[in-house]
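**Student:** The chain contents come next:
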Amino acid sequence: MGASRLPVKNLIRRPGRTAALVLLTAFLALSVFGGSVVVRSLQSGLDSLQARLGADIVVLPGSARSKVDFQQLLLQGTAGAFYMDADALEKVNEVEGVAHAAPQTFLASLKADCCAVKVQVIGIDPEADFTVRPWIEKSYARTLSDMDLAVGCKVTANVGESLKIYDQNCHVVAKLAETGTGLDTAVYCDMATMKKLLAAAEAKGVSHKLESGNSDVISAIYVKVKNGYDIDQVMAKLNSHVRKTAAVRARSLFTGAADSLAGISRTVALLAGAVWVLAFVILLIAFAMMIAERRREFAVLRLLGTSQRGLSGLILAETALCSLAGSVLGVGVAAMLIFPFTALIESKLNLPYLTPGAGTILALAIATVAVTVLIGALASLYAARRLSRTDPGTTLREGA
Amino acid sequence: MLRAENLSKRYFRKSGEANHFFAVKGASLELRGGEVAVLMGRSGSGKTTLLHMLSGLLTPTEGKVWLGETDLYAMNDQALSRLRNQKLGVIPQGRSAIDTLTVLENILLPGQLAGGAGDREAAERWMDALGISGLADARPAELSGGELRRMAIARALAQEPAVILADEPTGDLDDENTARVLSVFQGAAKKEGKAVLLVSHDSEAARYADAVYRMDGGNIEKYSLPL
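Chains G and W, in that order, give the protein sequences.
The numbering of the first sequence is the working numbering, which starts it at 1 and goes up by one.
The numbering of the second sequence is the working numbering, which starts it at 1 and goes up by one.
Bear in mind the hints are in silico, worked out from the structure with no lab data behind them.
Careful, some of the hints might be misleading.
What the hints assert, rightly or not - Covered stretches of chain W, as calculated for chain G (at least 3 residues, CB under 8 Å):
id: 1; segment: 44-54
id: 2; segment: 95-103
id: 3; segment: 108-117
Claimed, not checked - One-sided excerpt, in silico: chain G residues whose CB lies under 8 Å from chain W:
id: 4; residue: K9
id: 5; residue: R14
id: 6; residue: R17
id: 7; residue: E297
id: 8; residue: L304
id: 9; residue: G305
id: 10; residue: Q308
id: 11; residue: R309
id: 12; residue: S312
id: 13; residue: L316
id: 14; residue: R389
id: 15; residue: T390
id: 16; residue: D391
id: 17; residue: P392
id: 18; residue: G393
id: 19; residue: T394
We treat Cβ as the ideally placed atom computed from N, Cα and C, and that holds for glycine.
Just chain G, with the same shape it has in the complex:
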């Protein structure tokens, strides 16, 4: 056995003490890694949703419910439908400062083959659309044609399968990438298909007609403002020019979610900060106790010719091995607790939740392990430094 293996022998041959230190660091690493992943997932979810919407302004029907329904659709995937006259699109395009205007029409299925709950069907105009189309193009290079559907990643229908909506056979041609938002449970079709589905729904008693009796309807208009124009001014013009609609800034749709996210992030960051401070204090106490308990052993090592630096190295090696094992265990347990239960966490938080990519998770895991080992090292070096203030001869006398 070389002296370099002494720390390993000390850890293996004192399994109780080693297990206590490993479990302590594992708990701390679990809290920090778990908290970081949840906060990053919430942030990614909201970023993804904002990117997906891609509009400066959204024009919705003037009713008070439509904005709430629209938010619920985006954030939680709650199926809903609200309508306004399709002529609104023409009026929106007339407003100065509007660069692009893309209509969407919503329909909630009664019950689809794919899902136990209602599915949100969204009709888009592939020619005018600038929000959903780039997303669809990542999975499907062609344009959606008659009775074609592009489905969100959480819809349990695969490409090539048929999906029956209001007894109409639709073909799934694309499965879209995850956004972590309510849009993951929606299906997309072109406006021609939507018109057929609206008619089929009407036949089953689900009416989309306006009070005026007009059945040529849309649900929302996404507006991109020309460069150099003030978004608030364009929005004000839309509100005065297009009757029976309400133009809202896209960003304001997420204000509530962003506030909730900021609140959750603050809470988690505070908790994580408290855990780190607590971790440092607990590790300091734990390592100080461990070193105090072993003062005589360390004095004997000094007596046998170990220098102060060498002794600090031995103590550091032991605590680093403990911290490394504990932090890897903690990160592993956190991963097992978080990743299989993403859907549950999302539904409980009621916010967009998009797990970061493998690279980010790996970086978070490495950072957690590195910081945990660093804290363990600092705590043990502090304790070792205190130990070095006493002559080994004094320690040997006290403990004799």
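Place chain W on chain G using the hints.
**Tutor:** Relative to chain G, chain W alone:
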């Protein structure tokens, strides 16, 4: 070989500098190669404090310790530690085993701390001489007090130091093992030219001594032989 010049160690009581006391006062002695010196005295007379200062483990308040031409306390910690590892075999009072290592691993440890593998042959020779050769794989928790003392002695001797400083080496031993241990120290001095200092209450140790010192109240006095 090992020389102490006017060594003192002052301790302060908690109540302040006015209330200090000297554990050792102006002690001088010389240990020569090939000789066994015995340091006797009552409990609290300063024997262990003096031994720790001679070992480079306790910085004296005043005075110097020389090993040959080297002033121990003028060295930096790294160099002093290396010197202690290679030239001084120190046997402290009480338990000094590393509990996570076996007896043999404990004895090889100083050699390994020096960067080698430890001299297994020397370790086995000293274990045999001290009557603990059957305990190589035992853990310290399985050993009696006397066996632990002999393990500590074997560990100090296995590094083949020039000077051996032993604090109550026969404290936990029966008569038979006391005689065995004292003979081993005498052999190390006479056959291998080592300088040996034994701190002991045991008058039996004086029978093996070439020089006897007595401490009282921190002061050291050399006795003429035979006592």
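**Student:** So, for every hint listed, does it hold in this structure?
**Tutor:** Against the structure, the hints come out as follows:
With 4 residues carrying a beta carbon less than 8 Å from a beta carbon of chain G, the segment 44-54 of chain W meets the three-residue requirement, and the given coverage holds. Check result for the segment 95-103 of chain W against chain G: holds, 7 residues qualifying (beta carbon to beta carbon below 8 Å, three or more required). Given a C-beta distance limit of less than 8 Å, the hint that chain G covers the segment 108-117 of chain W holds, as 8 residues qualify and 3 suffice. Hint status for K9 of chain G: holds, given a least beta-carbon distance of 5 Å to chain W, under 8 Å.
At a threshold of 8 Å, the smallest CB-CB gap from R14 of chain G to chain W is about 6 Å, leaving the interface hint in force. The closest approach between the C-beta of R17 of chain G and any C-beta of chain W is roughly 10 Å, which is over the 8 Å cut-off, so the hint fails. For E297 of chain G, the interface hint holds, since its Cβ comes within 8 Å of a Cβ in chain W; the closest pair sits about 6 Å apart. Checking L304 of chain G against chain W by beta carbon gives a least distance of about 5 Å; that is within 8 Å, so the hint holds.
With a cut of 8 Å, the hint placing G305 of chain G at the interface with chain W holds, because the nearest CB-to-CB distance is about 2 Å. For Q308 of chain G, the suggested interface contact is upheld, since its CB lies about 5 Å from the closest CB of chain W, less than 8 Å. Because the beta carbon of R309 of chain G sits about 7 Å from the nearest beta carbon in chain W, less than 8 Å, this interface hint is met. Hint status for S312 of chain G: violated, given a least beta-carbon distance of 11 Å to chain W, over 8 Å.
Of the supplied interface hints, the one on L316 of chain G is violated, with its beta-carbon coming no nearer than about 16 Å to a beta-carbon of chain W, more than 8 Å. Because the beta carbon of R389 of chain G sits about 12 Å from the nearest beta carbon in chain W, more than 8 Å, this interface hint is broken. A distance limit of 8 Å between C-beta atoms decides the matter here; for T390 of chain G the minimum to chain W is near 10 Å, and the interface restraint is violated. At a threshold of 8 Å, the smallest CB-CB gap from D391 of chain G to chain W is about 5 Å, leaving the interface hint in force.
At its closest, the beta carbon of P392 of chain G sits 5 Å from a beta carbon of chain W; the interface hint therefore holds under the 8 Å criterion. Restraint check, G393 of chain G versus chain W: the minimum CB separation of about 3 Å is within 8 Å; hint holds. Of the supplied interface hints, the one on T394 of chain G holds, with its beta-carbon coming within about 7 Å of a beta-carbon of chain W, less than 8 Å.
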